[in-house]
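Chemist: Sequence:
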Amino acid sequence: MPNKTFQTNDAVEEQGSDFNYREILDAVILHWHWFAISIVGCLFIAFLYLRYKAPVYSTGAEVLIKEEDPYKSRMQGSALADFSQLGILTNSNGFDNEVEILSSKTLARRAVTNLKLYVRYAFDGTVRDEELYRTSPILADMSSVDLDTLAMPVFLEIKPLQEGGYHIEGEALEERFEADVKTLPVRVKTLSGWVSLRPNPDPTCVFDDRALRIYIYRPTLMAEAFLEATSIEPISKMTTIARITKNDTQRQRAEDYMNELIRVYNEDANEVKNEVALKTEAFVNKRIKIIDAELGTTESDLEMYKKRNQLVDLMSDAEAAYKGIENYQTQQIELQTQMLLVKSLKEYVENPTNYMEVIPANLGLTDQGLNSIIAEYNAKVVDRKRLLKTAPESSPVVVSATNAIASLYPGIRHSLSTVYDNLRVQKRNVDEQYDLFVGRLSNAPTQERVLSDIGRQQSVKAALYQILLQKREENAISLASTVDKAQVIDAPESTIRPISPKKKLVALIALVIGIAIPAGLIYLLNLLRYRIEGRNDIEKLTDLAVLSDIFVAGELKDGKSAIVVRENTNDMMEETFRSLRTNLGFVMKKSEKVLLCTSVIPGEGKTFVSTNLAMSMALMGRKVLVVGLDIRKPRLAKLFGLVTGHHGLTTYLVGEDSSDGFLREQIFNSGMHANLDVLPVGLIPPNPGELITSERLDDAFARFREWYDMVIVDTPPVGLVSDTLLLGRLADATLIVCRCDYSLKRNFNIVNTIHQEGKLPKMNLVLNGVDLQQRKYGYYYGYGNYGRYGRYGSYGSYGGYGNYGGYGKESHASKSKSRHGSSRYLREDHFDDKD
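Note that our numbering has the sequence shown beginning at 1, numbered continuously upward.
Derived by calculation from the structure, the hints in this document are not laboratory data.
Check each hint, because a few of them may be wrong.
[Said to hold, decoys possible] BS3-like, lysine-lysine: derived pairs with alpha carbons at most 27 angstroms apart:
#, residue 1, residue 2
1, K279, K389
2, K237, K289
3, K638, K623
4, K380, K346
5, K116, K53
6, K66, K427
If you're wondering where the values come from, they're calculated on a predicted model, not measured in any experiment.
Sequences and hints are given; from them, build the entire structure.
Modeler: Written out as structure tokens, the structure is:
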């Protein structure tokens, strides 16, 4: 099996790779105008996009979120604080919750509503509207009730009238409305509600010659749009600083929205934070009123008792006894005060209406454990209420907070009971000691004991009253000195240059698309090709070597269009067949003289190649014989203009005379060169298959080998009949002719099968019909600037290839012509179409 001796090294290397850079380069060069038009068009579209696309700016701010975790101080005072500083342990859940609250829809809606960002203004533009912010000459608004029920946006277009006033037209709930107004402010009725219009108080905001367009959206929908364009992220895991970024076409609007968002966040946080102080203030004021009334009653009783008993001073002899009980009186007062406070808190806690509410704190309780658990409980209640503002009660976060509060609530009640019982035990012990000292005063007047009791009650209530007044002032100070939870570190600031659209990226995308469109089109067209177009296609379909490329010839020569190789000429076609002749010398040995020339289907130019190759060899001085063995459709006699009569190969094969003289009588000189002889078919017999297998044919070829230097056999198409395969025994080598833009790719399956089964000797290919002017074969051949040397035609109509092989009676050339039309490069009769 011959190797691909005549392929270039580049072609061999390209065959081993699925990605052929050379083919891509050829496709780009051949269709450069496609790429140029596509790239220019895409870049022009990108230019229009950049020209009319509204630029988007990025606005950023950094905010410190202050944490108020009651456990944080204890953690920092313990060994866990060291791990937190090292980053091993973090307590970022609270900060994460604050970030979620800051990015909640509720706060966004409040910010949008406060700034009235749900109303958009724009001047009518040619390509796109010119959006306005703070510069609209007319401001529009709707009531909160109508805004909350706004199903579809309300659109208004306002034009100033020359005679004064304004013309208003618009659409609400898909219904148009129209009105003329003389002055502003005014209210316009729509299906969605009343729209209030008023002039902008800024005198610099005036109309130009364009109409003003107003769009009113539902605040919730606008809040969602703002949230989508806003990102809130921590700058690191070890800090509670959040980076807020907002993208908008209006830089001032983005800055105003971010400032308002931070303000409503602080306002919301302060409301929750002050709730404990407000509850404590209400509790303290209520207790002050009660103690004040009790203290007044005690003082009145003391006054009446002294008046009734006419008491002015204590007995001097009882002063020493009183000193002993003063100490226990002081303890009684403190314990009584604590018991009253604990009892009041216990009644407050056991009240079902106060469940999940903050417990008054900082009332002066001496039990630190109770104060700690109440502070922890209040902190969790405050966090739960803040979460309820942005999440339903069924939310996992809220449920977790509720469970934590519920778990602490019984402990608080138990602690209050325990503390109260302890105080009562202490009070009982102190009372016992006090009674001992009182017994010593049995000799003292009864009135003095009564005065002592009244004074003791008065002291208890006075002390409690003083404590409550102090706590009320402390609570008022705490309420007045509330600090914002979010501290602005870097105020909102917008970028000077827009972040979108990115000109370089858009240009790059346009360039890529401009290249991809023609590349994809070329790739698609290549996928749809079912005929070969050049050597590259052949190299992908078969391993057989291509000995030569036969170019399209041009003008007729001496009326014989098929013979393009002539004596004493040196044009492109002569050089082409010299190349084929030279390459064939590397395939066939000197002792090998018979060359079989065939094709797969008619019209591929096998007769054209065989006759011109024979002429080229004859010009080299070699004795050449062209044998016509296409018995079913002979063409050689007509091609060379021979009048054969009854002479021809079939005459010899059916005859009985085997002499050399009788065989030579059947051979004619071509009339074009003395070294070129032709053995035409002669008369068409009824049994061509039997004649091809006859021994007389083998005997004739044996003598041809002695008489001639080269014997070229023109055979029928191998894809239609089996005659050529039967003739393979006579040949030393085989040329399979295929034709550009004509031979089907699937036909190479037949060629490969014959080659693999070894049915024909030394098979090689010849590519016929390469048209350089079409330039679709790339610059592979190197003759791009030569142009055409003229056209070589064929020699008559092939007709329908007999009735054999199932090919039918219709001329294959007529089919080909109907498919291709009349080409300005080729003539249908040039390629031996009926061959």
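Chemist: Of all the hints given earlier, name the ones this structure violates by number, lowest first.
Modeler: Result: hints 2, 6 break, sorted rising.
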